[in-house]
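Student: Top to bottom, those sequences are chains A and B.
Under the numbering used here, the first residue of the first sequence carries the number 1, and numbering increases by one thereafter.
Under the numbering used here, the first residue of the second sequence carries the number 1, and numbering increases by one thereafter.
Read the hints as simulated data drawn from the structure, not as lab findings.
Predicted model, so just to flag it, every value in this text is computed and none were measured.
Glycine is no exception: its CB is placed at the ideal position from the N, C-alpha and C atoms.
Certain hints may be false.
Keeping only pairs whose Cα atoms sit at most 25 Å apart, straight-line, the calculated DSS-like set for lysine-lysine is [what the hints assert, rightly or not]: (1) B:LYS364 with B:LYS16; (2) A:LYS198 with A:LYS265; (3) B:LYS293 with B:LYS17; (4) B:LYS679 with A:LYS421; (5) A:LYS255 with A:LYS276; (6) B:LYS644 with B:LYS616; (7) B:LYS312 with B:LYS16; (8) B:LYS107 with B:LYS157; (9) B:LYS113 with A:LYS140; (10) B:LYS17 with A:LYS421; (11) A:LYS275 with A:LYS265; (12) B:LYS653 with B:LYS616; (13) B:LYS364 with B:LYS398; (14) B:LYS290 with B:LYS269; (15) A:LYS423 with B:LYS676; (16) A:LYS255 with A:LYS198; (17) B:LYS681 with A:LYS421; (18) B:LYS159 with B:LYS113; (19) B:LYS364 with B:LYS23; (20) A:LYS423 with B:LYS107; (21) B:LYS107 with A:LYS421.
Using C-beta positions, here's what the derived DEER-type ranges look like [to be verified]: (22) A:SER363 with B:HIS43: 45 to 53 Å; (23) B:ILE581 with A:ASP448: 37 to 45 Å; (24) B:HIS43 with A:SER111: 39 to 47 Å.
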Amino acid sequence: MTASLQHPGYDPERLLCVAEKMPCRVSQAGTLLSLMGERLQISSMNEFYPSIFLYGHRSTGKSHVINTLLMDLELPHATVSCVECVSVGLMFERVLLALFGPDTSTLLPRSPSLSDFVRIYRQQAPLSPANQTRYIVIEKAELLRDMDSNLLPVLVRLQELVDDNVTVILLSEIVWDRFRPNTGCFEPLILYFPDYSKGDLQQILSQDIHPSYSPELYSAFINILLGVFYSVCRDLRELRHLAALNFSKFCEPLKEGKGRIDTHKLWRNIEPHLKKAMQTVYLRDVSSVQWEQQLQQTEEKECAALKGLSAHAHVELPYYSKFLLIAAYLASYNPARTDRRFFLKHHGKIKKTNFLKKHEKTSNHLLGPKPFPLDRLLAIFYSVVDSRVAPSASVFSQISSLVTLQLLTQLGHDDQLDAPKYKCAVALDFIRAISRTVNFDIVKYLYDFL
Amino acid sequence: GCDGGEDSSLRYTLCKKLWDTIKEETESLQDELNRQILEGLLHFIKRCCSGPRHTAGPWEARMRASEIPTAALVLGVNVPDHDMTFQSLCELLQQSVTPHVACLQAKECGALKSLMRKVLERLVGSAAEDEEEGDTHPHPKGAHCTLATLCEWYETKSKKSSTPGKKRSSEEEPARPPIVIIFKDLEAFNPRVLQDFILICSRYVEQLPLILVFGIATSPSTIQQVLPHSVSSLLCIELFQSLSCTQHLSTVMDKLILTHYFPFKPNAKVLQVLVSIFLYHDFSVRNFIKGLKLALLEHYLNQPLSVLCCEKKEEVELNTTQLSHRGLESVRQLASFRRYVEQQQPQEQVALLTSDQHMKETCKKLLKDLYKYHKNYYPVLRCLHALTCSLPRVPLGKQIRELHITCLEGNVWEREEYRSAMQLLSRHYLSKLMHIKILCPHQVANNDSFTFIYYHYFLNVYKKLTLIKNIFDNERCSCFVSPEAKPETAANEGMTSPAKSMEKKTDLFQLQKTLLEMKETRRTKKLSGFEILRNEALDFIDALVRSHLVPPETQPLHEVCYYSSSALLRRHLNATPRTSIQTALSSPYHYLQNDALLTEDGGVSNAAPDLCIVHKLHLECGRLINLYDWLEAYATVVSAAEGKDPESEEYGKVDELKHARFIQAVSELQFLGFIKSTKQKTDHVARLTWGGC
Numbered sequence: 001m002t003a004s005l006q007h008p009g010y011d012p013e014r015l016l017c018v019a020e021k022m023p024c025r026v027s028q029a030g031t032l033l034s035l036m037g038e039r040l041q042i043s044s045m046n047e048f049y050p051s052i053f054l055y056g057h058r059s060t061g062k063s064h065v066i067n068t069l070l071m072d073l074e075l076p077h078a079t080v081s082c083v084e085c086v087s088v089g090l091m092f093e094r095v096l097l098a099l100f101g102p103d104t105s106t107l108l109p110r111s112p113s114l115s116d117f118v119r120i121y122r123q124q125a126p127l128s129p130a131n132q133t134r135y136i137v138i139e140k141a142e143l144l145r146d147m148d149s150n151l152l153p154v155l156v157r158l159q160e161l162v163d164d165n166v167t168v169i170l171l172s173e174i175v176w177d178r179f180r181p182n183t184g185c186f187e188p189l190i191l192y193f194p195d196y197s198k199g200d201l202q203q204i205l206s207q208d209i210h211p212s213y214s215p216e217l218y219s220a221f222i223n224i225l226l227g228v229f230y231s232v233c234r235d236l237r238e239l240r241h242l243a244a245l246n247f248s249k250f251c252e253p254l255k256e257g258k259g260r261i262d263t264h265k266l267w268r269n270i271e272p273h274l275k276k277a278m279q280t281v282y283l284r285d286v287s288s289v290q291w292e293q294q295l296q297q298t299e300e301k302e303c304a305a306l307k308g309l310s311a312h313a314h315v316e317l318p319y320y321s322k323f324l325l326i327a328a329y330l331a332s333y334n335p336a337r338t339d340r341r342f343f344l345k346h347h348g349k350i351k352k353t354n355f356l357k358k359h360e361k362t363s364n365h366l367l368g369p370k371p372f373p374l375d376r377l378l379a380i381f382y383s384v385v386d387s388r389v390a391p392s393a394s395v396f397s398q399i400s401s402l403v404t405l406q407l408l409t410q411l412g413h414d415d416q417l418d419a420p421k422y423k424c425a426v427a428l429d430f431i432r433a434i435s436r437t438v439n440f441d442i443v444k445y446l447y448d449f450l
Numbered sequence: 001g002c003d004g005g006e007d008s009s010l011r012y013t014l015c016k017k018l019w020d021t022i023k024e025e026t027e028s029l030q031d032e033l034n035r036q037i038l039e040g041l042l043h044f045i046k047r048c049c050s051g052p053r054h055t056a057g058p059w060e061a062r063m064r065a066s067e068i069p070t071a072a073l074v075l076g077v078n079v080p081d082h083d084m085t086f087q088s089l090c091e092l093l094q095q096s097v098t099p100h101v102a103c104l105q106a107k108e109c110g111a112l113k114s115l116m117r118k119v120l121e122r123l124v125g126s127a128a129e130d131e132e133e134g135d136t137h138p139h140p141k142g143a144h145c146t147l148a149t150l151c152e153w154y155e156t157k158s159k160k161s162s163t164p165g166k167k168r169s170s171e172e173e174p175a176r177p178p179i180v181i182i183f184k185d186l187e188a189f190n191p192r193v194l195q196d197f198i199l200i201c202s203r204y205v206e207q208l209p210l211i212l213v214f215g216i217a218t219s220p221s222t223i224q225q226v227l228p229h230s231v232s233s234l235l236c237i238e239l240f241q242s243l244s245c246t247q248h249l250s251t252v253m254d255k256l257i258l259t260h261y262f263p264f265k266p267n268a269k270v271l272q273v274l275v276s277i278f279l280y281h282d283f284s285v286r287n288f289i290k291g292l293k294l295a296l297l298e299h300y301l302n303q304p305l306s307v308l309c310c311e312k313k314e315e316v317e318l319n320t321t322q323l324s325h326r327g328l329e330s331v332r333q334l335a336s337f338r339r340y341v342e343q344q345q346p347q348e349q350v351a352l353l354t355s356d357q358h359m360k361e362t363c364k365k366l367l368k369d370l371y372k373y374h375k376n377y378y379p380v381l382r383c384l385h386a387l388t389c390s391l392p393r394v395p396l397g398k399q400i401r402e403l404h405i406t407c408l409e410g411n412v413w414e415r416e417e418y419r420s421a422m423q424l425l426s427r428h429y430l431s432k433l434m435h436i437k438i439l440c441p442h443q444v445a446n447n448d449s450f451t452f453i454y455y456h457y458f459l460n461v462y463k464k465l466t467l468i469k470n471i472f473d474n475e476r477c478s479c480f481v482s483p484e485a486k487p488e489t490a491a492n493e494g495m496t497s498p499a500k501s502m503e504k505k506t507d508l509f510q511l512q513k514t515l516l517e518m519k520e521t522r523r524t525k526k527l528s529g530f531e532i533l534r535n536e537a538l539d540f541i542d543a544l545v546r547s548h549l550v551p552p553e554t555q556p557l558h559e560v561c562y563y564s565s566s567a568l569l570r571r572h573l574n575a576t577p578r579t580s581i582q583t584a585l586s587s588p589y590h591y592l593q594n595d596a597l598l599t600e601d602g603g604v605s606n607a608a609p610d611l612c613i614v615h616k617l618h619l620e621c622g623r624l625i626n627l628y629d630w631l632e633a634y635a636t637v638v639s640a641a642e643g644k645d646p647e648s649e650e651y652g653k654v655d656e657l658k659h660a661r662f663i664q665a666v667s668e669l670q671f672l673g674f675i676k677s678t679k680q681k682t683d684h685v686a687r688l689t690w691g692g693c
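One chain only, chain A, in its complex shape (with noise of 0.2 Å):
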């Protein structure tokens, strides 16, 4: 460790517990130390920043480390979770049960408004006086965007408005620019938290020795492990949940008391699991329950691959369903002027290159789908389905069914007299599989493949 922690406000054998829980962050928690200021200051007005806005990716910390920073150094602090606050009644009733105690949220009317919170948080803040900052952590705090357009520029100079040592913390992962409204607001500080490197990562790891067996070997095994992985993932919780997966397999030539082996051959043991577990278990197509089972019956039946969750794309649809699914397919793909040439009789010939429009000659695969109108998806499903079918009411339902199977999407309001429009949102191969079921060549009839 490079740096240390170092504060004149703190004991400094406090400090050094404290950097220790955080490898890797130091320099950072120092910083927002000496921005949270003396502990025991008795303080005036605005001498601390109002707001502080901390960024950086998934799991480098962030939370780790202020949270780290304000329970062990014993600050007043609430800390919310955007997601969890459906409403913002939610929120202040957390913030001010956390910093005044219980019998404070219940001052809230219903469904409280901005000035609510401030007014109660006004009339509190003296009975409970504090010498020290109060923080407000606000987690994924890009969510805030989502929620009242106010919310955010008055919580970045809360300080301001209910007159008291507070300062809000805000969380994201993404940039602040992101945030800025339309009208301006307070610029909070900012601070970035970088990636781990690999060799912080490996450094971090490494400290969850398993009981059992030696650092040495603990150690090597996340070297094996951030090789294989590092160039996907950089995730320090997904690392830790495989490393926890893949552990005891590494140990079994160990455990099987073969003696001493070195760290090659144990690589040459695990590699090709690793491998195998970074296409199924870290893209949870199989679920780390199912890996375990895996590993430990490996040996009895070494071929049989275990099915992800993807293996199982087949679906099963009425007979009619199918042909909407291709019809509405077709008529995502193709452009409506070429129907007249798949679905008529005695279309003559229609050169490719001369019949269409600039724009159209680009693949309409590379496009994505277009919207169609409900009634052109029913003529092509009449001409392509090979008996005569009445249009009943079921068949109506089983476009509405395709709808919340998800299969067809709806676009915009569900006005039925307004022409409803839809896309189709399977893929090619999706299609292919069903229209083979049926005898259907749906190639044939798609513009990009002529």
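Fit chain B to the supplied structure of chain A, relying on the hints for placement.
Tutor: Showing chain B alone in chain A's frame:
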């Protein structure tokens, strides 16, 4: 049912009884089919609540990211059927694992807030009812619906249950029963809401033993479509696949239709309608059973002779004896009965037509014959299906229901498919025979091994035959064992067919004997021996088919059991609202039955309702309709209807009344979805239907 009161009430009770039996049967069947998947799920949940966190070592427990155990339940696209599965799942869970189960449907959870509220309502609300002390848990309201509230509630709850004073009903119940949250239709949930909910859940998974269950209609890969990696990495998903709905249907048909236990039978067309609705439209077994119920109701309602369609033989006899004169007359009217009479001796004919007593006796006999026919029909059907279902290109259909429908439609042995199937059966064996012939020259030298192969092959054939025979025998045995089959019936009437088959069976036995003899003698001329066997076997099957798989229409009094109005069923089950509206508008006579509306050319008469006239006029327009022109045309038509002189000044003039009527008709048309207002031109409306110019 235009018959007497007591008759129809009897029919009603019969119908109700039969339906209750069918319902019971299907429900038990459903439970049976769901058992496997539900048990798997139950096991999963039990395992989860004992938890990997507790089983694994402390190191693993600390290291493992806390995932929420999740079961992905793939149920197929027949969404209407799912309710029952989820209901039994809920019941099972509440009985054996945990009282905390919340079932969620997408349509009640549009936003995260409502989702939360529903979860809390279901969990806390149900528990409050259980305890009968609802005041201790005030109903969660508004902003207080959070998982934190749930956490508190759960803590107090588990504390309470762990105190010795309050003993739980079952001792095995874990101290911390899991909280199961079931998402009935994952696809329909708003992905955003679901993601947020899972994120929140993952924050509480340490304190609350949460388990999620996803009901999936399409395929498990939708999970990956709905949830991004950052969210799905919080879940530990295990997959459960349910039986496909076509298999489900086959089982249901097996139990309900391909059996002689239920006297009510749909005929070929009705069955076709029901099956095609299933296959073409909805894949829903529940709807299939509903259709069957409708057919049943219609049958008992409209067929006066359905009094004779009872489950028990005694009932049939009783009801036949109690048949009134009118009832007997209606029996005499039956086409199948008249055909039967015509085949009788003249004396017998007279007796049948005049003596009610004699008539009743004959009816009893005929109904018994019908019963016997059914008893023989299904085993033979299964036998034939077992033989032909593995043939190349399956000429007689892969599913037994297809074969059944073919048999119901007409004489199956006259069909091309049957002939080709039989040919295939013979050639199928023949090809192997050829194979042996090719092998012959090589094998002649070593006679021993030749016979060895031969013998094996023969044994194979024999095995196949015994297999068939076994199927047949089993079916027959079950028939005999069944409580309805009275011993004397089996002895007296049932004699003919079993006797025949017995005779055949002994034939086969002898064949095997000859086979053994042949093996001993080791003669080279064994091919013909095989051919004999094969032909005998095929002839035997053919004879069985010809004697037992005759269509039911040939049986006298088949109308008692068979429901035949498929058109009615189709109209009720597969409604065509668009066609009905079209019919109503273009030929109002069809519904109103007013003679004034009759026109010879099928057009709309002047006297038709305003709506019809307006509709007719709008058909002549293009995509955009000028309202004023339309009004003028309408006024002209209406004036003609009023009988005004075409030359007069008043003719075709728009007065206030006509104007109002026109506006009303147009707005009705808009209500029906034929037109809508458009912004392209202010005094125009747009057509929403096809046709026109």
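Student: Which numbered hints turn out to be false for this structure?
Tutor: Hints 8, 10, 13, 16, 18 and 19 not satisfied by this model.
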